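Quick mapping for you: the protein sequence lines, in order, are chains A and B.
Every letter in the first sequence is one number past the one before it in numbering that gives the first Met the number 0, and letter 53, counting from 1, is 52.
Every letter in the second sequence is one number past the one before it in numbering that gives the first Met the number 0, and letter 298, counting from 1, is 297.
Hints are computed from structural coordinates only; laboratory data are not their basis.
The structure displayed is predicted, hence computed values, not measured ones.
Yeah, the Cβ is synthetic: ideal placement off N, Cα and C, and Gly gets one too.
Do not rely on the hints blindly, as some may be mistaken.
[Claimed, not checked] Each computed SDA-like pair below joins lysine to any residue, with the alpha-carbon atoms no more than 20 Å apart: (1) LYS284/A x LYS297/B; (2) LYS290/B x ASP264/A; (3) LYS296/B x PRO254/A; (4) LYS296/B x THR158/A; (5) LYS284/A x SER78/B; (6) LYS290/B x GLN163/A; (7) LYS136/B x LYS22/A; (8) LYS297/B x PHE157/A; (9) LYS130/B x ALA26/B; (10) LYS290/B x PRO164/A; (11) LYS297/B x MET188/A; (12) LYS296/B x PHE157/A; (13) LYS284/A x ALA26/B; (14) LYS284/A x THR77/B; (15) LYS296/B x LEU139/A; (16) LYS136/B x ILE161/A; (17) LYS290/B x PHE45/A; (18) LYS290/B x PRO254/A; (19) LYS297/B x ASP264/A; (20) LYS296/B x LYS284/A; (21) LYS284/A x GLN58/B; (22) LYS290/B x MET188/A; (23) LYS290/B x LYS284/A; (24) LYS271/A x LYS296/B; (25) LYS284/A x GLY82/B.
[Stated by the list, open to error] Cβ pair distances, simulated, as ranges: (26) TYR285/A x THR75/B: 49 to 57 Å; (27) LYS284/A x VAL204/B: 23 to 31 Å; (28) THR335/B x ASN142/A: 47 to 55 Å; (29) LEU13/A x THR335/B: 20 to 28 Å.
[Claimed, not checked] Here are some chain B residues the structure puts well away from chain A; computed CB gaps all over 10 Å: (30) ILE64; (31) THR119; (32) GLY138; (33) THR172.
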Amino acid sequence: MSCQDFQRQIVLDLYGELNEGEKVGLETHLYQCEGCRQAVKEQSEFSSTLASEASAFDFPSDLLVESRRALADQLDQIERKRPWWRIPTFSVVFTPMRMLESAALIAMGLAFGVYISNQQTVPAPAGANAIAETLPQNGLVSNVRIVSADSSTATVEFTGDIVQPLRFTGRIEDDTTRRLLFSAVQDSMNPGSRMQAVEVLARESSEPSVKEVLIHAFLNDDSLGVRLKAFEGLKPFAGDEQVRNAFMQALMSDPNDGVRVAVVDALAPFTKNEAAASSIAEATKYDDNTYVRLKGQGLIHTVGAQK
Amino acid sequence: MKFRFGGPILLVLLSLPASLFAKCLIAPGGTLEVRAPAGNLLVDTSGSDSVDVEISSRQVTLQEICSRDKVTVTATATSGMSGIPDWKIRVPRNVTLDLSTQAGNIQVDDTDGAEALLRTSGGKVTAGNIKGSALIKGGEVKTGNIGGNVELRGMGGRLQIGDVGGNAEFYSTGGDITAGVIRGHVKAVSGSGSIVIRESSGDVVVTTQEGDISSDYVHGAFDGSTQSGNIRVERVGAWVHAFTGNGDILFRLVPEKLGGDLHIKAEARIGNITMYLPEKMKATVDAVIDKPALGTKKIFSDFPGSALKVPIDALRSLIPGGPEKQGMTINGGGNTIKAHTSSGTIRILKGN
Numbered sequence: 000m001s002c003q004d005f006q007r008q009i010v011l012d013l014y015g016e017l018n019e020g021e022k023v024g025l026e027t028h029l030y031q032c033e034g035c036r037q038a039v040k041e042q043s044e045f046s047s048t049l050a051s052e053a054s055a056f057d058f059p060s061d062l063l064v065e066s067r068r069a070l071a072d073q074l075d076q077i078e079r080k081r082p083w084w085r086i087p088t089f090s091v092v093f094t095p096m097r098m099l100e101s102a103a104l105i106a107m108g109l110a111f112g113v114y115i116s117n118q119q120t121v122p123a124p125a126g127a128n129a130i131a132e133t134l135p136q137n138g139l140v141s142n143v144r145i146v147s148a149d150s151s152t153a154t155v156e157f158t159g160d161i162v163q164p165l166r167f168t169g170r171i172e173d174d175t176t177r178r179l180l181f182s183a184v185q186d187s188m189n190p191g192s193r194m195q196a197v198e199v200l201a202r203e204s205s206e207p208s209v210k211e212v213l214i215h216a217f218l219n220d221d222s223l224g225v226r227l228k229a230f231e232g233l234k235p236f237a238g239d240e241q242v243r244n245a246f247m248q249a250l251m252s253d254p255n256d257g258v259r260v261a262v263v264d265a266l267a268p269f270t271k272n273e274a275a276a277s278s279i280a281e282a283t284k285y286d287d288n289t290y291v292r293l294k295g296q297g298l299i300h301t302v303g304a305q306k
Numbered sequence: 000m001k002f003r004f005g006g007p008i009l010l011v012l013l014s015l016p017a018s019l020f021a022k023c024l025i026a027p028g029g030t031l032e033v034r035a036p037a038g039n040l041l042v043d044t045s046g047s048d049s050v051d052v053e054i055s056s057r058q059v060t061l062q063e064i065c066s067r068d069k070v071t072v073t074a075t076a077t078s079g080m081s082g083i084p085d086w087k088i089r090v091p092r093n094v095t096l097d098l099s100t101q102a103g104n105i106q107v108d109d110t111d112g113a114e115a116l117l118r119t120s121g122g123k124v125t126a127g128n129i130k131g132s133a134l135i136k137g138g139e140v141k142t143g144n145i146g147g148n149v150e151l152r153g154m155g156g157r158l159q160i161g162d163v164g165g166n167a168e169f170y171s172t173g174g175d176i177t178a179g180v181i182r183g184h185v186k187a188v189s190g191s192g193s194i195v196i197r198e199s200s201g202d203v204v205v206t207t208q209e210g211d212i213s214s215d216y217v218h219g220a221f222d223g224s225t226q227s228g229n230i231r232v233e234r235v236g237a238w239v240h241a242f243t244g245n246g247d248i249l250f251r252l253v254p255e256k257l258g259g260d261l262h263i264k265a266e267a268r269i270g271n272i273t274m275y276l277p278e279k280m281k282a283t284v285d286a287v288i289d290k291p292a293l294g295t296k297k298i299f300s301d302f303p304g305s306a307l308k309v310p311i312d313a314l315r316s317l318i319p320g321g322p323e324k325q326g327m328t329i330n331g332g333g334n335t336i337k338a339h340t341s342s343g344t345i346r347i348l349k350g351n
């Protein structure tokens, strides 16, 4: 900062308008600058002269009014230049722009107050697509946007999402229970929940729709735990063509040794003919895991010996 | 005339899957070492004073090195080997077992040897009760009780074990881990699967990426972490660290002495936290819910605590949708209790 800047601050300091940081900066500079110290001295003398002699002057009665009006005009111009997103600084001077902003803020506050009081008294409407007039007390609100705010009617329209806690008890074979379980299996963000859902569904794996879900989870889920749980449910049906195909696919593509070991073991008792044994042998021919490879190759001999 | 029929008979005999045998005497407390290129190792511990090995295949050549204290059995496989032969092994019960197969299951009866080292790179391991310590690696492992320390490593299969007389370590790439009563400390790590430790006399450190963690009683400290799953410890005797990315946390602190380290750090990103504390425990609580449900209080306590001075950032909690925070001291303050959830409920309740 130049001496000119500091000398502007000297005036503000005399009227207590500097913040702590600026004050310290100015004091540090004054310590080093003889010219500015002189400026402080002159300003102080001028102020005290004004203070002592002000009573002797006779000001025109409308000077104060004129000064305030000029100040208000200047502030208005500054306000218009201010970007819309900047919060106005606090001031006791009320310009038309500021009064308008204040009115808007009061209107929004009123609208919010009305909304809060309404939500405790108006019953919830039925129907999923109805506009909500009340909010569940245990709901978690997110993604809230204000669609419109009408200050004349003091109403605000919001959109957003509400997530509510769910507690439901039902039998596994019931539609709603099954829908919830299927939904949990598809919850990509929550592998623990998928694992639990698959484990529960595995008890009903004879049901075709459940079997399909288990096969999908077994072949596609990233989580090893989910695939293993799905495998447990499918294992008793290794003789079933649909399950067998899924097992063959896993035998060739599952990256985990444990899954491939379990699959080749599960397929073995249901491999009764040479064609089936050959397809397993082919699928396991280049497997990295010695157990899978030998077990797969050995099935041809086992089938041959049984003949 | 004799040779006219002798040749074909010999050929037929050679083509049959003839068994191979090895037999060595072994002293009580000796060691049996088996290195199998491939084979299901089926160990019968009803032997008296010798090691007997029988292999159901001519595709391997058996080699044995016999001494009273240690018997080593190895085999070389033919290049075109297919199938996994069975190795029937009969040993005295008090022999140390060091068994390894590159492919195959391992099945061992009850054994009283000082140690059991059972390893397979693919296949299951099933063992009865093991009197000494154990190191077991396999795809899936199931054992009875183990007298000493134990280390179990699974490669995509379930690990199931009975009671353990010493410390226990479990590692699984995937698959559930289930253990009985552990007399020492426990460390369990699973890539994907739930972990159940029925009881531990020492500290418990458990981590899983996906799956629940539970225990009936941890006498020492508990440090459990899961990215997705519930954590439930019915009784825990010392400090608790519990983290879940998605799930609930519940535990009951039951220390023998209130003077020990009983600090608590519980975090459920999405889920509820419930803790039961001794009524006379001294604690300083800092509970935070980042996104509480609209218009309802979600931090509960039935302790008559005194509220702490509100920190400046806690004023944010006055803004609708802002975090709900509660700081309080219980019985004058002491052990730090930090409970944090993004959305859920925190309950700090009197347990006893």
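* Any of the earlier hints contradicted here, and which numbers? -> 1, 2, 3, 4, 7, 8, 11, 12, 13, 16, 17, 18, 19, 20, 23, 24, 26, 27, 28, 29, 31, 32 and 33
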